[in-house]
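Q: Here is what each chain is made of, one letter per residue.
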Amino acid sequence: MKPRQISRRTVLRGLGLLVPLPWLESMGNAAPATKAKRLAVFYVPNGVSLPPESSPAHKQWSWFPLGEGRNYEFTETLASLQPHRQRLTILGGLSHPRSREILGHAAGDTFLTGGDVSGEYRNSISFDQVAARHMGRATRHPSLVLSCDGGIGYKTRVSTLSFGPGGTPIPSESMPRQIFERYFQTGGTEAEAAARRRLGERQKVVDVVKGDSSDLKRQLGKNDKERLDEYLGVLSEIEDRIERAESWIGKPFKVGDIRKLNLDAKQINPEEYIRTMCDLIVLGFQTDTTRLVTYMVAREDGMGWGDQFPALALGIKDGHHNLSHDRSLGAFERWARYDQFLAKQFAYFLKRMTETQDEEGSLLDSTLVLYGSACSTTHNARNYPLILAGAERLGLRHGRYRVYGDGVPLANLFVAMLGALGVKTPQFADSTGATHDIFSA
Amino acid sequence: MSSSRTDKNTTPVPVCGRLHTAIAGCLAAAVLFLSAAGAQAAPAKPLAPAAAKKILRQYCAECHGGQKAKGGMRIDALDLDVVGGRHGERWHDVLTAIETGDMPPEESRQLPPGERTALAQWLRDGLQEAARLAQSEAASVLRRLTREQYTNTLRDLLGVDTDYTRMLPPESPSRMGMQNDGRSLASSTLHLEQTMKVARVAVDRALSLGDPPAAWRFRVTFGPQVAPPGKPVDLGYQAQPLAPEQFRVETFAGTGPARTPTLTPRGELRDRVYVDLRGSHDYDSKKSSRRYQVDERGLVLAPAKPHVERAAQIWQGPNPNLGLVLRDFPSEGSFVLRVRVARTSGQGDSPWLRAFVGNRLDDGMEYATFDRSRRVDAPPGQPQTIEFRGRLENLPVPIVDPNDREFLSNLMVIGVWNDALVTQAGITTPALAISSIEFEGPITDAWPSASHRAIFFDDQRLAEPERYADEILERFLTRAFRRPPTPAQLERYRRFFRERRRANHPFAEAMRDTLVAALSSPYFLHHFEPVEAAAPRLDPYALANRLSYFLWNTMPDEGLFAAAREGTLVANLEQHVRRMLASPRARDSFAAFAAQWLDLGALDRVRVNVKKFPAFNRFIKDDLRTETMRYVEWAFRENRPLRDLIAGDHVMVNQNLAGFYGVPGVVGPEFRPVPWHGAAAKGGLLTQGSFLVGHSTGTESHPIKRGYWVARKLLDKPPPPPPPNVPEIDHENPAIARMTVKEQLALHRDRDSCRNCHKNLDPWGLPLESFDAQGLNRSTIERDVLGEKITLPVDATSTLPDGTEIAGIAGLQHYLADTRLHDVRRAVARHLAAYALGRTPGFIEESALAEICERTVAEGDGLAGLVVALVTHDIFTSK
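Residue numbers (the numbering used here), protein chains in the order written: chain Z, 1 to 441; chain C, 1 to 879.
Any given hint could turn out to be false.
Some but not every residue of chain C turned toward chain Z, in silico, with C-beta under 10 Å [what the hints assert, rightly or not]:
1. 169
2. 189
3. 192
4. 199
5. 398
6. 406
7. 531
8. 575
Here are the computed lysine to aspartate or glutamate pairs in the DMTMM-like style, where the Cα-Cα straight-line distance is at most 25 Å [said to hold, decoys possible]:
9. Z/217 - C/784
10. Z/266 - Z/173
11. Z/204 - C/470
12. C/611 - Z/101
None of these hints come from the bench; they were simulated from the model.
Think of the CB as a built atom: it goes at the ideal place given N, C-alpha and C, for glycine as much as any other residue.
The following block holds chain Z by itself, in its conformation from the complex:
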């Protein structure tokens, strides 16, 4: 791998704000932040290699570990996660009931939503965006939505993990330099002035509406006044949002470490690219620019750059989608070697999250990290391969391979994760409860 570099230009433009010093040394000038709770989601497409038990490759190359509970054993696929074993839980048996019957690739659309695309296409809000509605205002950006290919893709083959209210896809970002410039730099005086102007105009509308509201209030009886107060409450919350948005304009960034950033990383070098995306996520958390990140490492069904990753990274001849269909001799191993490659990148992310500190300790300790796919293996949208890591400070207890039965919808995990993030919701999508067993809190 090439040594990582930052271009001189980046340093000049970014450094005024991002002094490459470890957090502790610059603690003196940092404002005390509220205790941050964070979420990072990684998605890998097309399922994983799961040679059946009858296959000689099973013991070596099954994605899921051997055994269950605390005494499970990693196969070679996830072996790189061994150092993090006590900071993660392998989850088996979970899936979205409403996506179980559909062709697996389309299940990717519902990975974080649990939406119903099985008849008419009805996707719904993703749980990270539910969290963003609650937590988003604490940071400069409510969430950061990343992918390998950018944009939204198209329905059933999306290129984003995040969906807003009503299931509207949220465009993802894929170019490290663009991400850095858009999310980690203030916009320059002209852009700032435009943003100020926009917000000022919104505030003027609110002012007129407030005027109408107080007129109306004078004309109303007691019961009606109470109803109007609800509307006024909403109005002042919107005002509050405008003020907060204004307060971020021109505000200097918190200190973060950008020495390792390689903003010129491209998908043609998958390892360098994925690690750079991981570095950007770490930077986002370290600078408290956002607390919610989703990252679609590649797109389903051989779409986009991700299909070439096995070839580009490992010299495997086939595209990822074809690999997932290949039943020839040695195919399980070929496929699993790519699973192994992805796991190594994930291990890199966990390592960086462990090493990087915030006021409370390692970033990982306060970050819920979910890694997985919406298919266990070829087109089978059941028993998703999932890893839940980090967030011990939010009450998670790790170290096991936990297998759930068919009756537990994946949405139950999301309800529990939302709870750990401080978003108390009794229900999400088709949840029937919450998987509290890995959440002590």
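With chain Z fixed as given, assemble chain C onto it according to the hints.
A: Just chain C now, with coordinates in the frame of chain Z:
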């Protein structure tokens, strides 16, 4: 075990379980009825609260006290001040239970007659006094527009028919199912932020600021050799692309600017437009049996087979369907699709043509139809042109991701199918020959558009910009707020406008921003209902507003505004009602009322087991919903007798639904009332699939759900909520799995904890056992028990709560329409009042409902008569 899997995914059959969570609180019999009963009782010495408390503790508290609050009722927690306390509704429940003898239950210690009378009298006196005092409180609360009202209002205010409902969060229904109830309509930041966004977009769409948009214009002509030959383009999984020589793509001239299509490096337009007949195959047959062909007549489409319902698969459209697949397309604005089409034979029933827009998914197509289906009369060889019009933003065009360069990404599909759907024998519709299809959009009627000129009504007036602005504002605000703005309000918007002008915005832009601001005002977003100075009577504008949203679900028209302005509305209410019922706008509102009253959403919550019911094709569900909406609308509009809701002699069907129901001789896709005197019971709401399917599991009938619906919707007697920890019936137990539903129900009615409620619930559902889960008649029950097929007899006999023995649907219809019609009338009146007033009528309004029912009967017991009786009653004309 395919059927049981479907159950798990949709609605389980536990006897109580999920159903119970849906059961809301209860509010039962009428004060009128109670007063009459009271009049017969001997006058008793008034009871002191302490004495009442003692009786209640003695006979009720065992089940309704402390931690044990059966049916959600804790009598020891109720405020003993019946008149002034806050538990009037709850005390009314208590009174009802005592009066009807429901409580105490049979197995408990009974109230001695003297104490029963005294307690009832004490409650009745207190409640009547409370009702008198509370009359002024029984007012509608300030409520915002529902999302349907909001989008309809924007349409009529701005003159652009864009559907914005999808941009707003859905409403949460009241206990009665109404989505316009002021107490359940919440405001949220999401809601207000979205309305602010919509306001901007909507006003921009109405105005013609800037240059007219450039239109996409192209024509596709079909024939065997109309273009150079080549290899069909690969459009992916299951595609059926036409060969390049079978279609020719060219642009054509129109009025207004044209958009130059982005051509491929080869410079060919046809590389931006493909033709695909994906979905045009039989899923269940291996052999290829194409229902389309290209020949000298053009592209020939046989009558389509409805899209076969396949569990958990994405839509492919009916077979065959013709789709133009577009690489470049506009994403919003009006457009027109012109189809040159002729019949292939002069014989047989008329073919129909249906247009749709969608986007390509990998496993199918997401699509929606637009405009009406059209009958094709053109004889062979002499094609006619049919124009279909729509607005792209209302249709599922792809959200373009310019970043996604996959070949199969960002493809829009627009096309047609032969809408004489083939579901029954004896339909002799010929195929249709499509010779060409033209697409043109976005189009505008003129520039500036009519909607622009409705706001900027006279450009000559720009010479006096200040006065012109004032007039524009006054006109607009009067319509937006549904009443003239006050001088202070007008001044506020005037100031806003002038500030924009001072900030160097041109006149039109400054006005645009001002109008956008007005659309976030609480006067626009809420129903403001001030009363006249002296009385609780609504002021004329508030009355016009209430009437308009009741009957049209949108803002008043010029006729209503004029009547409000001139003060003639109250005097002519009945005429206005008749006029409004006759207007096409009434359709929307009665559809919404039917959907909310009858809980048509239940249909969406059930996934029908298509392995068991292969005839339940993908259009049936939509048709069932339409059937009920149109039936209710027709019954109200045509002043059909009230009993038609229970036992009518008409069915509301189109060809597809008629084929499914077995109603002969109905041709064409349009719904119409058809007289029905067939052997199997049909007619009235009880035999409609929207109810029977919606309250089944998708595989099996569900008498409890159906019974609950009858009790709640048709009799307005919902049972109380269930106790916690209701045991479920063990369907894995083979002995239970082999029982008829009636036998299964008998199991839980043997349990004390269930019996008291279910005796008022199950008997209403059991007579409907002769209808299966797809809503069709059956003579036996087929069930899959642990892989074994068993057949059980249908038992549709039932003992109703009052002891009447009835059998089957006919028995139930007869009983409801003859013995209980007054209860049905009251239930309909109460739901209609809730919808009209935007609130849940309380017990203190029982006498008003009784008066409305009386007047309805006096006027012939028709449903339009019920509307008139309601609208002219104080309950409607006062706050």
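Q: Tell me if residue 189 of chain C is really an interface residue toward chain Z, meaning its C-beta lies closer than 10 Å to one of theirs.
A: holds (5 Å)
Q: Using 10 Å as the Cβ threshold, decide whether residue 575 of chain C counts as touching chain Z.
A: Check failed: Cβ of residue 575 of chain C comes no nearer than 30 Å to chain Z, outside 10 Å.
Q: Does residue 192 of chain C meet its interface restraint, that is, does its C-beta lie within less than 10 Å of any C-beta in chain Z?
A: holds (5 Å)
Q: Check the hint pairing residue 217 of chain Z with residue 784 of chain C against an upper bound of 25 Å on the C-alpha distance.
A: Answer violated: residue 217 of chain Z to residue 784 of chain C is near 62 Å, above 25 Å.
Q: So if I understand the rule, the pair passes when the alpha-carbon distance is 25 Å or less; does residue 204 of chain Z with residue 470 of chain C pass?
A: Roughly 19 Å between the alpha carbons, so the hint for residue 204 of chain Z and residue 470 of chain C holds.
Q: Are residue 266 of chain Z and residue 173 of chain Z close enough, with their CA atoms no more than 25 Å apart?
A: holds (13 Å)
Q: Would the hint on residue 406 of chain C stand, with a C-beta cut-off of 10 Å toward chain Z?
A: holds (5 Å)
Q: Report holds or violated for the interface hint on residue 398 of chain C, using the least CB-CB distance to chain Z and a cut-off of 10 Å.
A: holds (6 Å)
Q: Is the hint on residue 199 of chain C kept, meaning its closest Cβ partner in chain Z is under 10 Å away?
A: Cβ of residue 199 of chain C sits 9 Å from chain Z, so the hint holds.
Q: Holds or violated: is the Cβ of residue 169 of chain C closer than 10 Å to a Cβ in chain Z?
A: Given a least distance of 6 Å, the restraint on residue 169 of chain C holds.
Q: Please verify whether residue 611 of chain C and residue 101 of chain Z have alpha carbons no more than 25 Å apart.
A: holds (14 Å)
Q: Quick one, is the residue 531 of chain C hint okay against chain Z at 10 Å, beta carbons?
A: holds (9 Å)
Checked against the numbered hints given earlier, the structure breaks hints 8 and 9 and satisfies all the rest.
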